[in-house]
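Chains as they are written, first to last, in the working numbering: chain A, 1 to 281; chain B, 282 to 562.
No lab work stands behind these hints, which were simulated from the structure alone. It is possible that part of the hints are untrue.
Over 12 Å on every C-beta distance to chain B, these chain A residues come out as not near it, computed from the model [what the hints assert, rightly or not]:
{"#": "1", "residue": "Y11"}
{"#": "2", "residue": "E20"}
{"#": "3", "residue": "L191"}
Pair by pair, the computed Cβ-Cβ distance ranges are [stated by the list, open to error]:
{"#": "4", "chain 1": "B", "residue 1": "P353", "chain 2": "A", "residue 2": "D280", "range": "53 to 61 Å"}
{"#": "5", "chain 1": "A", "residue 1": "R45", "chain 2": "B", "residue 2": "E328", "range": "37 to 45 Å"}
{"#": "6", "chain 1": "B", "residue 1": "E395", "chain 2": "A", "residue 2": "G269", "range": "40 to 48 Å"}
Footprint (simulated), chain A over chain B, 3 or more residues, beta carbon under 8 Å [unchecked claim]:
{"#": "7", "stretch": "297-307"}
{"#": "8", "stretch": "375-387"}
Quick reminder that beta carbons are idealized off the backbone N, C-alpha and C, glycines included.
There are 2 protein chains.
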Amino acid sequence: MKIVETPTEAYAHTDHWRREGLRIGLIPTMGALHAGHLSLAERSRQECDITVVTIFVNPTQFGPQEDFGRYPRTLQEDLLQLKQLGVDMVFTPPRERMYPEGFSSSVQPPAIAEPLEGVRRPGHYQGVVTIVLKLFQIVPATIAYFGQKDYQQLAVIRHMANDLNVPIRIEGCETVREPDGLAMSSRNRYLSPEKRHAALGLWKALSHVKAEAANGQTAIATLEKQMETILYDAGVDRIDYARIVDRDSLADLTLLDRPAVALIAAHVGPTRLIDNLVLDD
Amino acid sequence: MKIVETPTEAYAHTDHWRREGLRIGLIPTMGALHAGHLSLAERSRQECDITVVTIFVNPTQFGPQEDFGRYPRTLQEDLLQLKQLGVDMVFTPPRERMYPEGFSSSVQPPAIAEPLEGVRRPGHYQGVVTIVLKLFQIVPATIAYFGQKDYQQLAVIRHMANDLNVPIRIEGCETVREPDGLAMSSRNRYLSPEKRHAALGLWKALSHVKAEAANGQTAIATLEKQMETILYDAGVDRIDYARIVDRDSLADLTLLDRPAVALIAAHVGPTRLIDNLVLDD
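With these hints in hand, go ahead and build the complete structure from the sequences.
Okay, here's the thing in structure tokens:
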């Protein structure tokens, strides 16, 4: 497994593989890998000839009050797991290689970045689409894999790639969960056993509204209220949003009369967690 | 010569050539081709195996009061000239292929876009870097050629490509001039014989300060004043700027004590013209 730290080297390897006609899968990550990330790499291993994972804790997508400083960094473990999976290259650049002195361009995210996370984390998606576009240039893959746990992020990246004609197919992969339903997240490492119990409230709320919707409840306001109640009952400290919106546009809905998705962002102690669940049509 | 109108087709041809190991030269233009554009294509023909020219009058880089509507469009002539030159592909997309409904991402230009044109044409460089990045994705060339007549634009594109890790070499090519010094420009078609005489004031002012600088004049304020006088004497109606700045950073200078460039933007009747001249070290 090649481990490279410079954009030039990562591009040279990727370009070489492309010219050989190989299909390249790319999995951009911030490290602290869990079963969700590994499932993306496994999918790439099945569908592509070459699998490239990037590990970079991108400072520009964290707000000033957020957890950039304490975000878990477990590079040696990460590399070991990726090697065991048969990953071909890991690109793990130091910060100054991605943002050298004088760096000043950026990508403005598409309109779908505005609601939900866009409201709660101003500048977050600008940081995300800028680093993702950079990685797409450095590793011009055939397919890039992203987890559906970051549902809006996946939509934002799809729209950005489409708007800017990036010739990489964007694939969303199903959220991997603990046996009790908790979505895998690098930030789960922050949770004490007690807080972990509260965190499970996200999954409880999401699966409850999915069942209610399947039973014929169509009033969005009622369903959203039920999510809030379940979240607070579970011990969540603060809800950023608990919403049911149009599955494609993320637009507000009043009635559950079209494909929809339920999305939650909530704080459990100092930890902010997100999760979502697509509701049956 | 292939003439293609869809991004998908343009990418497919380019990708095919890349996989064959061919060097691809790209010349993005807005059409209304003149000897300046043709010199870029000739340079690409010398340095690359494949030459691709794009023709697209990009609406997003024109301000609301600018000349988008009347910008010269001479597609049939352009195609004939490019075919005679041996160009391999022309990409000439309709507007809705580049900006389909729902298009909403963009590229924020680097800091070097802020002075000069950035002040006079707000939003212009955002339009430029967005379309250029899109073209770089659609035609992933080896080298892209731009004229030095748009001096700041070339710097902006270089910085953008570098910031965003675009794997295309950016080459600036010398300005092509009429025998009397007038820089080739698609907008010269707007000029009546009388206005053409006034337009020549740009070249007169630039060559004057170059000579003065060579003679040892180092006071920027004096040199800039002389440019203004020459421009008004020639019959220019309005000066947007007539400046001498740092050649690399475009930063203000007081003394001509480092590599510099003189840049002018001025209005001759309803026509806005720009030109520049690098001063000897």
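Outcome of the hint check:
1. Y11: violated, 5 Å
2. E20: violated, 9 Å
3. L191: Holds, since 35 Å exceeds 12 Å.
4. B:P353 / A:D280: 53 to 61 Å: holds, 56 Å
5. A:R45 / B:E328: 37 to 45 Å: holds, 39 Å
6. B:E395 / A:G269: 40 to 48 Å: 43 Å Cβ-Cβ, so the 40 to 48 Å window holds.
7. 297-307: holds (count 3)
8. 375-387: holds (count 5)
Of the numbered hints stated above, those contradicted by the structure are hints 1 and 2, listed in ascending order.
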